[in-house]
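Going down the list, the protein sequences come from chains A and B.
By my numbering, the letter at position 121 of the first sequence is numbered 121, and the numbering carries on one by one without gaps.
In my numbering, each residue carries its 1-based index in the second sequence increased by 227.
These aren't lab readings, by the way, just hints derived from the structure by calculation.
No experiment lies behind these values; they were computed from the predicted model shown.
Treat the hints with caution; some may be incorrect.
[To be verified] Derived lysine-lysine pairs resembling DSBU-like cross-links, with alpha carbons at most 30 Å apart:
#1 Lys80/A to Lys702/B
#2 Lys916/B to Lys808/B
#3 Lys166/A to Lys251/B
#4 Lys1000/B to Lys225/A
#5 Lys83/A to Lys808/B
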Amino acid sequence: MKPRGSLHPISQFLRETIRVFESLGFEVYESPEVDTEWNNFDALNVAADHPARDEQDTFWLTDGRVLRTHTSNGQVRAAKERKPAIKIVIPGRCFRNEATDAKHETTFYQLEGLYIDRDVKVGHLFWTLSNFLQKMYGSETEVKFAPGFFPFVEPGFEVSAKYHGKWLELLGAGMVHPKVIKNMGIDSEKYSGFAFGMGIDRLVMLKYGILDIRQFYSSDLRFLKQF
Amino acid sequence: MKVLKSWLKDFIDWDLTDDELVSKLTLTGTEVAGVALTVDRDVVVVEIKKIKKHPNADKLQIAKVFDGKEVLEIVCGAPNIAVGQKVSLAKIGATVGGKEIKEVEIRGINSFGMLCSEFELGLGDDHSGIKILDQNAPLGIALADYLKADSVFNLEITPNRGDCLSHIGIARELAAILGKSLRRPPLDLKMSLKRIAESLAVEIENTNDCPRYYARMLANVKIAPSPKWLQDRLLACGATPINNIVDVTNYIMLDLGQPLHAFDADKIAGKRIVVRRAKNREKITTLDGEKRQLSSENLVIADEKHPLAIAGIMGGFDSQITPETKNIIIEAAEFNPRVIRRASKLLNLTTEASYRFERGIDSGGIQYAIDKAGKLMKETAGGELYSGIVKAGEVALHLYDDEIEYKKINNLIGLNLKDQEIDHILKSLGFLIEDGHFIVPSWRHDIECWQDIAEEIGRIYGYEKIKQIPLPKSKEPNKSFYYFKEYLKDILVDLGFTEVYNYSFLSASDLSILADKEKDLLEVKNPIQPENKYLRNSLVPGILKSIAKNSSFDDILIFEIGNVFTRSREKTNLAIAVSGKRVSSLSGVTGQFCARIGMAPAVSALPTGQAGDRQAKIKIQRFESADLKTIKIRKPFVEIAEIDLEHLAKDSKYLSALPVRQAGARHGKTSDLGLKISKKEITYRPISKFPSVTRDLAFIVGQNISVDKVAVEIYKISDLVNRVEVFDEFASDKFGKGKKNIAFHIFLQAQDRTLKDSEVNGIIKEIISAIEKKYKAKLRK
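Next up, chain B with everything else stripped away, as it sits in the complex (with noise of 0.2 Å):
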């Protein structure tokens, strides 16, 4: 939501920067999101220096200013200007009216910058010529500090605080933390003779949905625009102008939080107003020029016949302010904010209207409201005020109340306050405090217990005050699965697999993949994306697309540890795959990876296990060339097995021995099943949109050289070296004695740009020269 200072200042004084307010508000739990001048900072103080003609145009000037620092020349088509002024100079990169200014060329002539109008700036509707600033203007200042121009606050209010949704809302937040007082005027307002009760009654079906209705009667108006100021207010927070009605109630609204309704006097059947439940299928056109269906679920503002609006959301289309409307009836109301909330969701219908009544308004001030709306109505519109205002629905307001609790707050958040001094920040909040008793204001629905009171405590004295207390010391935590997935994890990467992660979804597509297709399958209900319509019941339709997404590696070894679903069961698994030229069969792994973990795994190619060892029982799928090709993998084969952890957790020794393990740990020991951090430094290198280009490189070096270190080498000697991928390691006496051959893919990349060949041709030779140079190498060739 959009707040304007200078509107905030119709309520509450300040004398603090923008920044030092912007941090109050924050701190005390308003969210601000930005703040932007309403005239921006490029826009600075010049002086005129020198006038000449423009050599190709009659009607242009070439200006000569000066702004303390440099001369510049603009091009100017005012007649208002002469040597000696002081104006306002919209440097490059100024947005002036919605519009980025650039350098530009006018008739041959470069222009470096604009001198701006009064209309220009939004300061004023003079667009006759340029605006001339005092003589004491100084050169060089930002028009927006020597105007003090207004500033606009973006803020994000949680759904909480539907109370902090308008200027009075943030002006009370403000009063409460500055420890100043709202204005909030009396109304003057001039009404004729006549009652509005003898041309309107209102009925108010059931107040459980609308448990307050006001109307008030405005006769002979004239519509038209508003006025410039009312437009300025709307448009700087973000709202449309429409004509002199409308504008008043969206800027009652911005200005007090309560929404408003103006409806054509004369389209109301009847004389009489029902808020009541929309029958089913009833129809109305909405003020949008959409035609909707409604039901027992929407409440409706009624005549006698049909309904005029949907309540606490849009307004009808047939009942709306036009230029030939003369009386109006302004409604302001309170909706149930449950009721208001379903109706809005059935029709897919949001409006700032309804979105406050969602978040609950100011029950007490309603008529407040209303009235404002009256006298700026007659002011902006004229017309005849009747005199009173048609109310239905409850008088009393149902607030909340009890006893201050100043021993448990205090307790809580940590302070010492005395009781005066939680009194005085209720008050300060706009509660009602006698003897130990509050009750809490009319736009605060979000208090309902002694919890919430403490809050508002905290955040006025403030956090950062707030003494820390250490945790008392506790018992060494259990370890639990996580442990033990994570320990499987550190065993795989040990063997040299890489963890994916894989989305938990699939898509109907995706289905055609799974081996092991099953009829009770989890399904999304609402899935924004195709890709999001099933959950996996399975890890390897997820292992297979990555298989088939990194194809430009010869071999792969990835792992995953993942949640899988059917509809009676979610169970975490363990899927490992290989794939390439080079790489063994799975079993050979996943025996490895049993026999860490002290299990004989049970799978048919292998030799059984040790005597009393426990077998896992691990399936390996292999998938071949053919199979692979109809899903884009091109490898010889692909072997994945997919494991059921919780089995495995149970049926290996792991689990079980785990107390042992911890026992050990506090002696000193390390526990397996300890977190194990890397230490290894890491410089990200983002993924390239830009293609990339492979050079094959092998070399021969002494058998006591390690690749790791040759690939580091590599990476070194540019940025564009993207990534390093060892493909040979042979020991061989038949590349002399104690050689061996290594052999590197070698990729190289740009951020910005595709690599010219040239350029690899360079990184390459100093590559070449650089590994010859450090380990005795030589290139093969």
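So here's chain A without its partners, still in its complex pose (with noise of 0.2 Å):
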């Protein structure tokens, strides 16, 4: 007799959407979970002495570096390993320093998006993301975009669909800012482009009606076992 296998939750959600942004030509790539101050903060214009960096709880290690706290961390990295265009989308674990409770994780995951080259406009960035969430869920889904506050992107947005009949806010997204760009070792007067970042744990959340986040990280195999 044969056991049955399956596959983690979020294994299978971020496939899913990884295949989507592979055929729109995006390459999966992947940065360090513990990385320098400067990668996840600094270069993406998060300066310590600005309030933006209290938005997150950082894990610092006793050796200055960072518990990356968004895939973000691999934007300069990969630009810096590439020339553009660059296509890519950067899936991995995440962390936040704060007590757990059904709502609240350590650890959680994100995919993120980058896409550099000359002559991206924001139109670009609002068709990748409607293909998206269309592909994900339904050729007929709503797609809205408001103005939001990220720093490594300027203009940024907030971007929401309409899902079994709400509005939900499922992915922060914007316009590299010049500063990031630069950053990057790109020159921001030749080549513009946009970034994307979506927590997938809530996503695996609503799409199976999960009330506790902390399964996912529980290895409950009465949980699991249900994918």
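With the hints as a guide, bring the two chains together.
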């Protein structure tokens, strides 16, 4: 008798998202979970003396490095290893230094996207994310873009989709900030680009109606074997 | 931050519903977390139809009221009610004065709600009786609608928009969104002939720390509670009223975004204020009664001798406004956001003031704020406002200015706006525009480059009008290490393993179960929870914990792919583990696994691989039951193999063979590293907190019957079937020709209660009869 195996629901969902971006020509890039303060914050225009730093509760290591708070830490790394056009998605585990409960976890997954090329416009970003959301949630899915603030993009957007009749903020996105493009070693007068990021855990919770985020890291087989 | 509709209307008028307003704010970048009415919507207009005496209480009456649909009996103690009056009824479930109305019994009579006074509704001071409404008030309508009650908008302001942390700030946004202009009436200040300059001097040590410091003097005030309208506005926005002077400082902060401070002027030694860095180990007791030690990172407001306040963060205890205060100094200043942020972090003290200074205040609005405060304080506390303001610091404002990049802006956003249209939007936001040149308004510290201007244009023009542009086609992306990992996962799932995700952390006590203790563990400097002290250098401790947690499973086959850390290296490992009664040794699995990736495992227990195969070095750790008991695993054995995946990727043919496979994929064949997506329909069942009941059932069925299908049937019987685990499948003619024995652990569990025996027995009976019928099965007893 052969037992039935199962793939973690986050692994499954990441595959679905990555397959959509793969079809648009995005390559999967992976960045380390432990990184420098520069790659995780400063290079992304999140200076230590700016209140935007407070949005993240960070795990600092005794050697001065950090546990990445987002997979955006791969943006500058990837750009340094490549020449534009750069078209990548960065999946992976991220960390937040906080007490845990059903809605809060120290550990979560993110998928970040980055596209840098000549003459990238807001319209490209809107098309890419609409396309993505419609492939994930059905071709009729309504998508809405509202202004949002993330220090590494300008302009920035909160992207919502109508999901089971309710508007839900699903992604953060924006045009890569000229300071970040400069930190990548790329001429920000010649190149522009967009970036986006989404929290995978929450999307998986929505998909199945999971109420406790800690289930993902519980290794509870009663939970995992359902997927 | 909370803003009040009526307060916004001090600055601007509009005729949109609250919902329309929320949608406009959201679409232009001000997130609205919620809208609440100052009067609960479950307070409705009713008519008193009949009044009778309460049989058991002299001072109470029973009113029969009609809301247009039904008649309700309400017990009421107010003397002023009469038949025919229109009054307001708080229905059951309504919240009035912070309390929820419930159905109550008052001296033997049930009351289905409460008739409300003006005071209870938060509409005024009168609590002598029930508020009597106009005879024309329509029955049943929400009082909030009838009185056009105030709305409180709860806004989430992003860290770049410090200018929105006030009513005028939000009114400015509305002005730009709605194309209206802002009201900011000139202040008519009544000042005395005495000049403040003769009573106070101000000196700033370094204008980089404090670009501007203004002070006004108000003499002979009378400290008392603020008027009700002022208290109501503060309360609605979440601030606590204290006295007329302090309340005005808070009011102006919420009104104009300028934090203010009021000092007792008679506590300032030497009639001189100095803005300076604190001396090392200088001490101050702050308003909250805390004694704090300062350093040169702190900026203080000091007199000749001592610090009076921690600049921009909190005032000092000794110079605060007390009931005896006669003369006051009003401070309105601008501090360097970075200095305030640093000091606030060091002191671990964040206040409404520091929050605003960190985000930048309106450098050009300080005088208006101190004037408005002076006027309001004089109105509420009386006294004599000295003429003049003592001003120290810089006169000129340093505002970012540049040429408007019309072309670049249009290009980036994807618009085709005329220069005048762009000028118009910027002007509506308070920019000064002249001949294609702009100067940012004094309250906007977030505009630093043309892309920032582009965002302003985009959000006010409306992103919904922007055309989407498909991405240019690009070549098929390279397949990286990620695909290799996912490919390995598919092999393991196929071999019957479940993927687990464990935390990347180890606690100090986890170190004791680490077989391979390393000195160069990475350590977290600031863990909130003790579990997060170290970063894992192996997947083994997590895997052992996973096995311990799943004691209800007879057999456990799990794996994890995750990063592990030492001080010098981060790498990706795979751990595969088996445990249980009937699982076979891991060496068999690793053999199959290696064969699938074209390698021969170099596991000692196994025959060597085919000639030419590369070898994977896989070490299997075996834990015997004696070791396991100490870590609370009651299983005969556990075997774990941990493999360095970067080595495996290099050693195996896989990554080197990738280009060939991709070429194949392009010709229509599926690549082995294509991501497999499960098509399985999943209905998730939450894990219940209530105990589960386990029953074992064994059936004799035909050998062609799939156990998985039988399991699915069992699930279908009841929602209370939480888990069906196959624990035996054995074919033998001793069960009859062509028959086999199949056996299940069946777990029953409810989300909301502990199951009763009778309930469980009923379901088990149903399962037996359903399976026997559908599969011509026979229960084994």
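Hint-by-hint comparison with the structure:
no. : hint                  : verdict
1   : Lys80/A to Lys702/B   : holds (20 Å)
2   : Lys916/B to Lys808/B  : holds (27 Å)
3   : Lys166/A to Lys251/B  : holds (18 Å)
4   : Lys1000/B to Lys225/A : holds (28 Å)
5   : Lys83/A to Lys808/B   : violated (55 Å)
The structure fails hint 5 only (numbered hints given earlier).
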